[in-house]
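Can you build the whole structure from these sequences, using the hints too?
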Amino acid sequence: EAGVVQSPRYKIIEKKQPVAFWCNPISGHNTLYWYLQNLGQGPELLIRYENEEAVDDSQLPKDRFSAERLKGVDSTLKIQPAELGDSAVYLCASSLKTGYWQENTGELFFGEGSRLTVL
Amino acid sequence: KNQVEQSPQSLIILEGKNCTLQCNYTVSPFSNLRWYKQDTGRGPVSLTIMTFSENTKSNGRYTATLDADTKQSSLHITASQLSDSASYICVVTSGTYKYIFGTGTRLKVLA
Chain A
1 EAGVVQSPRY KIIEKKQPVA FWCNPISGHN TLYWYLQNLG QGPELLIRYE NEEAVDDSQL
61 PKDRFSAERL KGVDSTLKIQ PAELGDSAVY LCASSLKTGY WQENTGELFF GEGSRLTVL
Chain B
1 KNQVEQSPQS LIILEGKNCT LQCNYTVSPF SNLRWYKQDT GRGPVSLTIM TFSENTKSNG
61 RYTATLDADT KQSSLHITAS QLSDSASYIC VVTSGTYKYI FGTGTRLKVL A
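In order, the protein sequence lines correspond to chains A and B. Position 46 of the first sequence, counting from 1, maps to 46 under the working numbering, and the rest follow consecutively. Position 40 of the second sequence, counting from 1, maps to 40 under the working numbering, and the rest follow consecutively.
Any given hint might turn out to be false.
[Unchecked claim] So, partial list: chain A residues that the calculated Cβ filter (under 8 Å) puts toward chain B:
| no. | residue |
| --- | --- |
| 1 | 31 |
| 2 | 107 |
| 3 | 108 |
[Claimed, not checked] Label-pair distances were calculated between CB atoms; the ranges are:
| no. | chain 1 | residue 1 | chain 2 | residue 2 | range |
| --- | --- | --- | --- | --- | --- |
| 4 | A | 81 | B | 15 | 21 to 31 Å |
| 5 | B | 14 | A | 62 | 26 to 36 Å |
| 6 | B | 61 | A | 3 | 21 to 31 Å |
| 7 | A | 81 | B | 58 | 44 to 54 Å |
| 8 | A | 61 | B | 26 | 25 to 35 Å |
| 9 | A | 44 | B | 8 | 20 to 30 Å |
| 10 | B | 13 | A | 80 | 21 to 31 Å |
| 11 | B | 58 | A | 15 | 43 to 53 Å |
| 12 | A | 115 | B | 82 | 41 to 51 Å |
| 13 | A | 50 | B | 1 | 35 to 45 Å |
| 14 | B | 5 | A | 62 | 37 to 47 Å |
None of these hints come from the bench; they were simulated from the model. Yeah, the Cβ is synthetic: ideal placement off N, Cα and C, and Gly gets one too.
In structure tokens, the structure reads:
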């Protein structure tokens, strides 16, 4: 079974340019997350989707960041315009949320990440 | 405020030696605690999950413990290998699908 797929793996752009990242979650996973990870730090949530609905985007800088998850499968994260401080790894993760909450559910499956360098 | 703190920040050990990583959390409500391994340039991968009722769980050479009273967890690595070099991230789930990440411990195993 394929895991979470992200592209591109690496992207180098100049500041003020736009950039987009794509994520294909594990088949059947209804919940999708975008995280930002700075060097030596843990991931920080940007946005969480349940199916096609963004249920938590409180940490997404909406002046320059946008995201969409059409048809509740693939997702795209866009930055426009990029700033120097946006240099980081952007991780996509997915999980399966069922109607019955068990203590041992909710494992996050991460993609390889997209490393952005803004010059 | 929900927080997860890990120690040490970084650790260097010789191949074959054991080590223990620590995770302290102040998270409420608590659902479970996971340890993730993140190789350089890769995404995190789950190693173990600890629920409120579990004290110890092993996954090969990895053994995780949880003390729900003191809100502490540890990850013990036995007979370390070069491939254990990675960052280890402690993640506490609060309620339904709210994840609080620690900053990780960076482990380097030397030959």
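> Can you name, in rising order, the numbers of the hints this structure does not satisfy?
Replying inline: 4, 5, 10, 12, 13 and 14
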